[in-house]
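> Assemble chains H, C, Y, A and R onto chain E, guided by the hints.
Protein chains: 6
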Amino acid sequence: MTVPSLPTIMVEPLVRAALLEDLGRAGDITTDAVVPSDARATTALVARKAGVVAGLDCAAIAFRLIEPALKIEILRPDGSAVTAGETIATIAGLTRGILSAERVALNFLCHLSGIASAAAAIVQSIKGHRTRLVCTRKTMPGLRALQKYAVRVGGGFNHRFGLDDGVLIKDNHVAAAGGLAAAVARARAAIGHLVKIELEVDTLQQLEEALLLKVDAVLLDNMSLDDLRRAVALVGGRLVTEASGRITPETAPAVAATGVDLLSSGWLTHSVTALDIGLDWR
Amino acid sequence: MTVPSLPTIMVEPLVRAALLEDLGRAGDITTDAVVPSDARATTALVARKAGVVAGLDCAAIAFRLIEPALKIEILRPDGSAVTAGETIATIAGLTRGILSAERVALNFLCHLSGIASAAAAIVQSIKGHRTRLVCTRKTMPGLRALQKYAVRVGGGFNHRFGLDDGVLIKDNHVAAAGGLAAAVARARAAIGHLVKIELEVDTLQQLEEALLLKVDAVLLDNMSLDDLRRAVALVGGRLVTEASGRITPETAPAVAATGVDLLSSGWLTHSVTALDIGLDWR
Amino acid sequence: MTVPSLPTIMVEPLVRAALLEDLGRAGDITTDAVVPSDARATTALVARKAGVVAGLDCAAIAFRLIEPALKIEILRPDGSAVTAGETIATIAGLTRGILSAERVALNFLCHLSGIASAAAAIVQSIKGHRTRLVCTRKTMPGLRALQKYAVRVGGGFNHRFGLDDGVLIKDNHVAAAGGLAAAVARARAAIGHLVKIELEVDTLQQLEEALLLKVDAVLLDNMSLDDLRRAVALVGGRLVTEASGRITPETAPAVAATGVDLLSSGWLTHSVTALDIGLDWR
Amino acid sequence: MTVPSLPTIMVEPLVRAALLEDLGRAGDITTDAVVPSDARATTALVARKAGVVAGLDCAAIAFRLIEPALKIEILRPDGSAVTAGETIATIAGLTRGILSAERVALNFLCHLSGIASAAAAIVQSIKGHRTRLVCTRKTMPGLRALQKYAVRVGGGFNHRFGLDDGVLIKDNHVAAAGGLAAAVARARAAIGHLVKIELEVDTLQQLEEALLLKVDAVLLDNMSLDDLRRAVALVGGRLVTEASGRITPETAPAVAATGVDLLSSGWLTHSVTALDIGLDWR
Amino acid sequence: MTVPSLPTIMVEPLVRAALLEDLGRAGDITTDAVVPSDARATTALVARKAGVVAGLDCAAIAFRLIEPALKIEILRPDGSAVTAGETIATIAGLTRGILSAERVALNFLCHLSGIASAAAAIVQSIKGHRTRLVCTRKTMPGLRALQKYAVRVGGGFNHRFGLDDGVLIKDNHVAAAGGLAAAVARARAAIGHLVKIELEVDTLQQLEEALLLKVDAVLLDNMSLDDLRRAVALVGGRLVTEASGRITPETAPAVAATGVDLLSSGWLTHSVTALDIGLDWR
Amino acid sequence: MTVPSLPTIMVEPLVRAALLEDLGRAGDITTDAVVPSDARATTALVARKAGVVAGLDCAAIAFRLIEPALKIEILRPDGSAVTAGETIATIAGLTRGILSAERVALNFLCHLSGIASAAAAIVQSIKGHRTRLVCTRKTMPGLRALQKYAVRVGGGFNHRFGLDDGVLIKDNHVAAAGGLAAAVARARAAIGHLVKIELEVDTLQQLEEALLLKVDAVLLDNMSLDDLRRAVALVGGRLVTEASGRITPETAPAVAATGVDLLSSGWLTHSVTALDIGLDWR
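Residue numbers (our numbering), protein chains in the order written: chain E, 1435 to 1716; chain H, 1435 to 1716; chain C, 1435 to 1716; chain Y, 1435 to 1716; chain A, 1435 to 1716; chain R, 1435 to 1716.
Pulled out of the complex, with its shape left as it was, chain E reads as follows (with noise of 0.2 Å):
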């Protein structure tokens, strides 16, 4: 499988961003007071409760940022899956550096892996289903690119990334149009070749329309199990069918036993549980 990747020049400027935001106008008076400037220090990034690693190379342009002769040394790389007490990395040097980055460094780290470590769940609940989990736009704000990279990173795909690298026509925009009809012939006069098409249905008679119009995906919002399941009967393959509302590891199984393609949680981006990990002095 291909390992996810986000290029350094797009990760960087929010880690720079978030050490200025720490560092405020003085720096780090503690340190720079209290911790001579040739200390030097072993320290270990160490998972405290089991999950996946994401975020790793956050971690490193921090500690990298505040002090460049930092040695980091990644035993368990983005993607792997940690037991609680397992060592994610080293990281040696001089203190002083080390204590500067370590917050910064360990809330990108915690907050990642949160997210990973929720997507690996649930699509470990819902293996043998051929479904997808897929997250959605509700994410931090500044931080999206990062959060849709950790929903790959554990196993999840991305929905749009914005407003813009896909159409959804939602009930509002129906009411608007004046039918699903003219929505989706609206839609389809004005974009390019390589975008999609996804329609919001609410009840089987819309499912059957948007299946007439031809459209990309469906997305079956808050529907019933029934409901779910005679959707995917009614659309036999002909395109993709994405389930929402309230997805989590405990009601994942269910929704993906009906069959449909596609599960997305907003729960995976808006309320994360930052995984444990912490930076161990040795």
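For the record, the hints were derived by calculation from the structure and aren't laboratory data.
The structure presented is a predicted model; accordingly, all values stated were derived computationally and were not measured.
Some hints here could point you the wrong way.
In silico SDA-like pairs for lysine to any residue, Cα to Cα no more than 20 Å straight-line [said to hold, decoys possible]: (1) H/Lys1483 - H/Leu1646; (2) C/Lys1604 - Y/Ser1471; (3) Y/Lys1561 - A/Arg1622; (4) A/Lys1561 - Y/Arg1622; (5) C/Lys1505 - C/Pro1470; (6) E/Lys1483 - E/Pro1511.
Relative to chain E, chains H, C, Y, A and R alone:
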């Protein structure tokens, strides 16, 4: 009580960046294609669950940056405790503007209201105690000012905003400095007169040394309830005591009952559950 | 037909940067020294050649950023076909503001109208065919969103906006992946359900393989007209066909006559002839 | 002759912005999915048409920002006249890096080489005359420094870089000031001693007045060849004469033959035909 | 005389950055906590010492960025000579807005008025001579445009704004080029027709060579008054003479009396004494 | 003693912006034209007057951003007291790089060394007293972090870095709040436990009230020496006393002799006399 506030000049750049992140390079292709440019709508931000509102300024700025002429009426301002189904604000005007800004507005509002609600839940759970709730530097990169604002809206207080506005000497600082006394002396020699010193102590013995050093506060990290009680007795009000370690609405009351001055919770900002708020069409 | 649009929040930063580029560190030293601060003028943006207007929003933003009180009246909005001598808009108010913003306003307007006019010329030349004109990623650095908007204004459609909103597998990707099938399979395993896959094919044999792989579109790069005809017949409407390679108003009709779905033209955006529009004093 | 140059600190931000514009929020999804992370390639930038190279620094920065370890060898540096088929530079290393940076690198290189080639063509066409070619402020928004650099590479010279580094009094300034003499006097009273004054004159009568006012240069806008000859004779070398208006390689020789000091061409930068340069796989 | 001005688009980003620097991550915690949100005040900017006002636009922008509804009345605009105790402007409205913006507004106003006052003092001291005062590139990082504006407000003139808007050949350039003649020839071969050449000369012998080279100006660096007089006589008005070296209101008259065209003073901008202006409560 | 420091990540953006401000749109046209690209030089930063060095990091970053290969050797690091004629650092390498970065490097170095020298002069003047020197928020816009760093280098201490890292209640706050007690109570109810409260008092009567309110510090603004002495006696070490108002090396000893804890000086940062440091060619 003073209602917290953040100046627009600090908030707007974050909202602007989030909108541009969502609009990408082509803008809202669905709405632009499907919704007539003169269609108008009246909508309402409605709480789907009970909680405390925070972030209405962000939401309003998002709507107005996309469509300055939208009419926004705020019924339940930041800090209001709302019930499920309650209308928080109404937004009326051109449909395109409402639809294109909706997701970004909600991403801020649901996240910040999630934090305010969690803070309020802990504050409520320790009512009757003199203990205050404080947040940490375990925040989302780039969003610290907003998250800490939401903590205040929820009735909590703010710990350090960064590495530069307070001295917090942790165990690794102490080790590098060669002892508590050396660490505190070095800090005192460097800092300004409005900067306080807090010391992390792991044992009651260290606490006694901290009292002799006359620091402003001690961080009692992951101590047992018994040790916390002993610590509070030992301190006798001579400095501020802060208890940290997995503070949630469930665990908070017992910790507060030990008499510590502060409970600090990273969970508040690093593992936020968004408050479910939606935009309803009227 | 839907009129294309770009939100002000996306356009203004580019105009602002262009004005600052022109004002440098001392501002408009000629106008400030020479023109009385209360002088007023009425001026008109006038087409010196026939073409299609695009970029009036940029121009208006430029004038208003320098002098908010200027009165701007748009007579021929974006998308209008104008003749030589036709007045596009009038700008009236303080002379200083008009003169200081003039060049930047015209730089946007003439460039984007040049693109729209070129697109319209090709679109006109292939009228009657079902073929659509699309642009490429061969754009001016920093101006892609604006240039692609101008293509839409001229009646063209947009290909990918970047490396991230569509899969386009070219010969070098195929070589590195070890064949068409492997390349497509790898892509399919990684992408979201709203992302389409287009494959560059150089021969009819490759095209047959592409059809088996059920990709969404094929790029028929620099094929002869005969081969294009054969390719269209072979495909039989099962996927989208795109012909590329030196598409201009002169060459387009013959290529469109082969029946391909799309003509893609880098020339549209990388070798733009500005439409001559001037500011006349009245 | 001095080879023009631009410091990296000025160029890199533009290249960085262009790469981020192309990478969007998900990066190069095709290459990341399809190309093995350890695949390597040797490639060459090859001119498909004859011209003058400009922008190799931009191209090299683009490749290195994506993949610092790429080995780039420049065979024909900026300013070289190349023939169709000639190799300009070689780039070797990880395939992913080459593919992800290719388009942005070429967008800079082909555009700037297009300008340098056009400038060189005009310069060549007026060889033997003492006339110099100069560019204008009719540039692509945000790219003025680069475009003007390319003009220098092609053997041309730069007119004003902005509104602030020279006084150019045009007809509308004169009208607002109440005459040539008043306009020049006002300018002279305001500017520093290193700032020159150029005056647009439309008639020989105005030219005589300009001579009396002892300005540094006159812009002879859209004058007939006869009038240009008369103007040059009248001036007799007492100030710099600049002829403007539709200067191209075809029209330039006749204008240069009038004896004017400068030909200024907006066409050079506002209507650039990109030089066709491709990246060949070896 | 023309009143200097700077467009808002150039000034606002600097004021905005200064406000954000002051507000940090928590805003004005004193004012927000202590001052009722509906408290109103009438205040006045009052000169505590005599001087020349500069920077009122910056101050007004600062107040308005914090509180758009503040009513600001300017009594003594930029360029006014004020006496101690004189009211420069009044600001009325919400107390919070006034207090939160006060320091930043004053920081700009006092600094720029300090420059304007110093410039005016020198200009006054050399009244009657034909000599002009000019500033240098010895400016505060990031504030050059504002500082040079303040010099103009005080009656001085601007030397180069940067390395790019004039040629100034200093002794080290000459040494590297291999002599005055070579240096000037190289410069002349490279620059545009609106760029002037100034040459630093240390001896009268060099000055004679400069006259032969027909440069536009000479910088007579740290010459004795006698040598300056001789230099002026030697030049006989054929080029602009600039004297530099520790020009202050005390030393200026004697230097001006030598007949040089320009006195240049780095002191004006690198060692500014702020003009004492305060905000009084009414 | 701890040597102050600022992380590169905080300093570099300011230096980069200053270089771009100086390079403008065409770069260093003199050096590029006149100095051969392979010329090399050895130069030295030499103090022309005695003082305390600050800002060598800024200077080194400026040189390296222009020419990474320059060899920079620092002989007298930040904090060193140097005499007139003493060499601070040597810079060797390509002449072009040295010349193009020189002015910006010196602008930082001379300004910050000016601050450090002034701070050191005051600190020296009050040696023997227990009084500390502190700076204020009267700083150059955008340069606060650097200026406050220079104060530390000179032996001074930092007051607030902004409106957000300490409560300073001034007379107008008190008036708006309705009295000292109300103001302090409101502040205390809002702030975190690491934030101190300082109160401006104008009379000894107010000071008594401040003592009852147990604030952390009092600002004794513009009090006579007699009143300062009385205030110090009244306080008796129960809180920190700060005297402000026209503190210079001349006035400081008398004020320090009153026994106050702090002297605060706006003059230190708002009216800086640059330390004269030059770049000598060897």
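> State for each hint whether it applies.
Structure-based check of each hint:
1. H/Lys1483 - H/Leu1646: 49 Å, violated
2. C/Lys1604 - Y/Ser1471: 17 Å, holds
3. Y/Lys1561 - A/Arg1622: 19 Å, holds
4. A/Lys1561 - Y/Arg1622: 19 Å, holds
5. C/Lys1505 - C/Pro1470: The given pair, whose Cα atoms are some 19 Å apart, holds under the 20 Å limit.
6. E/Lys1483 - E/Pro1511: 16 Å, holds
Of the numbered hints listed earlier, the single one contradicted by the structure is hint 1.
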